[in-house]
Amino acid sequence: MVLFIILAVSAVAAALGMLFSRNAVHSALFLVLNFAIVAAIYLSLNAPFIAMVQITVYAGAIIVLFLFVIMLLGAEQLRGVAGDSGGWQRWLAGGLTAVLLLSFASILFQGNAITPASAAGVIDTSPAALGLRLFEAYVFPFEVTGVLLLAAIIGVVVLSISKKRG
Amino acid sequence: MTVPVEWYVALSAILFSIGALGVLMRRNAIIIFMSVELMLNAANLLFVAFSRYLGNLDGQVLVFFVITVAAAEVAVGLALIVVIFRTKQSINIDEINLMKG
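If you read the sequences in order, they're chains A and B.
Position one of the first sequence corresponds to residue 2 (our numbering), numbered consecutively onward.
Position one of the second sequence corresponds to residue 5 (our numbering), numbered consecutively onward.
Only chain B is shown next, with the shape it has when bound in the complex (with noise of 0.2 angstroms):
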């Protein structure tokens, strides 16, 4: 309890920064979502520290329900990027310009 909540908030920006700079510089689509994963983590040390520092458990419900829809999100995506490696030999974001590969 003796760190203040504000640090928290703080780690929780740099992290979400660097997921951010991740999907803004990387071309290969599976760090792309590596780097998707690491800012919903972000969010969610966000209301894991909040529901610490507020005494309420709604908090810690909320990441119940991130965590599933990033499960889900994971294999969607990932079974698209399968999809479109079979069509188009590579998973490299900038050739993958076509609505109809």
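In isolation and in its complexed conformation, chain A is listed as follows (with noise of 0.2 angstroms):
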């Protein structure tokens, strides 16, 4: 309980940190760190592997990208305007965000409890049970998801080329 709790307010506090500050290479950092810290929390879970997964492609493979690109283009800072929208438009996205929250609260409180399986007990969750799972039941969505990541493959490298050429 009390490591949930140190883990929750340091989870939103990176969040908090990556969307409030200038520079977009601080914002990558703290998504790291926020991303390691949901992983220790799938530790708590009871999901080593898909920690692991986490820290691998999120903080691995995604954050690197994102740094990469920040660095390419050297747009740490947005220039002229200041980095946020101003304004009205401020106010707009609080209010917005706090109906969001609001409407979250309402039904967490509402709801009907969520009946704890403690039955079910401590189910295994090693790579093996899920990597039997992904290939019994899952086999289809699996299939699509490669496709999914070859199309994503093609088309990053049209963007790439059709613009050298032109």
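Do not rely on the hints blindly, as some may be mistaken.
[Claimed, not checked] Some, not all, of what chain A presents toward chain B, calculated at C-beta under 8 angstroms:
no.	residue
1	M2
2	F5
3	I51
4	I63
5	V70
6	R91
7	T98
8	L101
9	I124
10	A130
11	L131
12	L149
13	L150
14	A153
Source of the hints: derived by calculation from the structure; they are not laboratory data.
Glycine residues also receive a C-beta, built at the ideal position from the N, C-alpha and C atoms.
Build the complex from these two chains, which are given one at a time in their own frames, with help from the hints.
Right under this line is the structure:
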């Protein structure tokens, strides 16, 4: 319980740091921190393999890609205007987010109690069990994911090449 | 197991709201992408939490699919941002207002 509170508070703090950093590189580093904390929460939720995948894919691959693009473009800060929307846009954004949060809260507080599956007990979440589930019940979505990744690769290559010729 | 699942739902809702606020408030396209990642991450957290509390492995399998889609989305999105930056010399989304840029 104490561990969860510490992790949750630091996760929210890291997310807020990501949101309010002036420098995009700082935002990316705060996002790494947030992903690492969420990975720690996954560990406490008996999902060790998911936690490792989170570290490898998010913190390892995706954030590196973000940092690479930020430094490639030299876009640490927006030139000219400030990095945020100003005036009424900011208040509108804050109001809409407050509405979203309140609706989440109302659903959470009026919802039916979630039956804790204490009867289910601790399930086997080893990589072997996950792989069996993935290749028995979820083979078709797995293949679709492969096609999606192929489409993403082709799309990125097309986007990168066409500008070079033009 | 002592932490009630509602707490995870609350944490996930807060993280999702911060991500939504980032999408609405920031002008830097890269920061907006990071906020989208934060929202996907909040959804993943819910999947894992309910997988734990319902004793069902399917939630953890779905997280893999979400992570895969997020990776593909980031690759394509950042390529788009690079192309837009080459033509407009800016990634301020308020200046990207033409379909035919």
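Right, here's what the structure says about each hint:
For M2(A), the interface hint holds, since its Cβ comes within 8 angstroms of a Cβ in chain B; the closest pair sits about 5 angstroms apart. Against a cut-off of 8 angstroms between C-beta atoms, the interface hint on F5(A) holds, since the closest Cβ of chain B lies about 5 angstroms away. The criterion of a C-beta within 8 angstroms of any C-beta in chain B is met by I51(A), whose closest approach is roughly 5 angstroms, and the hint holds. Because the closest C-beta pair between I63(A) and chain B is about 5 angstroms apart, less than 8 angstroms, the hint holds.
Interface restraint check: V70(A) against chain B, minimum CB-CB distance 5 angstroms, threshold 8 angstroms, status holds. At its closest, the beta carbon of R91(A) sits 6 angstroms from a beta carbon of chain B; the interface hint therefore holds under the 8 angstroms criterion. A cut of 8 angstroms between beta carbons decides the hint on T98(A): the least distance to chain B is about 4 angstroms, and the hint holds. Interface restraint check for L101(A): the shortest CB-CB distance to chain B comes to about 5 angstroms, inside 8 angstroms, so the restraint holds.
About 5 angstroms separates the beta-carbon of I124(A) from the nearest beta-carbon of chain B, less than 8 angstroms, and the hint is met. Because the closest C-beta pair between A130(A) and chain B is about 7 angstroms apart, less than 8 angstroms, the hint holds. Given the 8 angstroms rule on beta carbons, the hint for L131(A) holds: about 6 angstroms separates it from the nearest Cβ of chain B. Evaluation of the L149(A) hint against chain B yields a held restraint, the C-beta minimum of about 6 angstroms falling below 8 angstroms.
With a cut of 8 angstroms, the hint placing L150(A) at the interface with chain B holds, because the nearest CB-to-CB distance is about 6 angstroms. A cut of 8 angstroms between beta carbons decides the hint on A153(A): the least distance to chain B is about 4 angstroms, and the hint holds.
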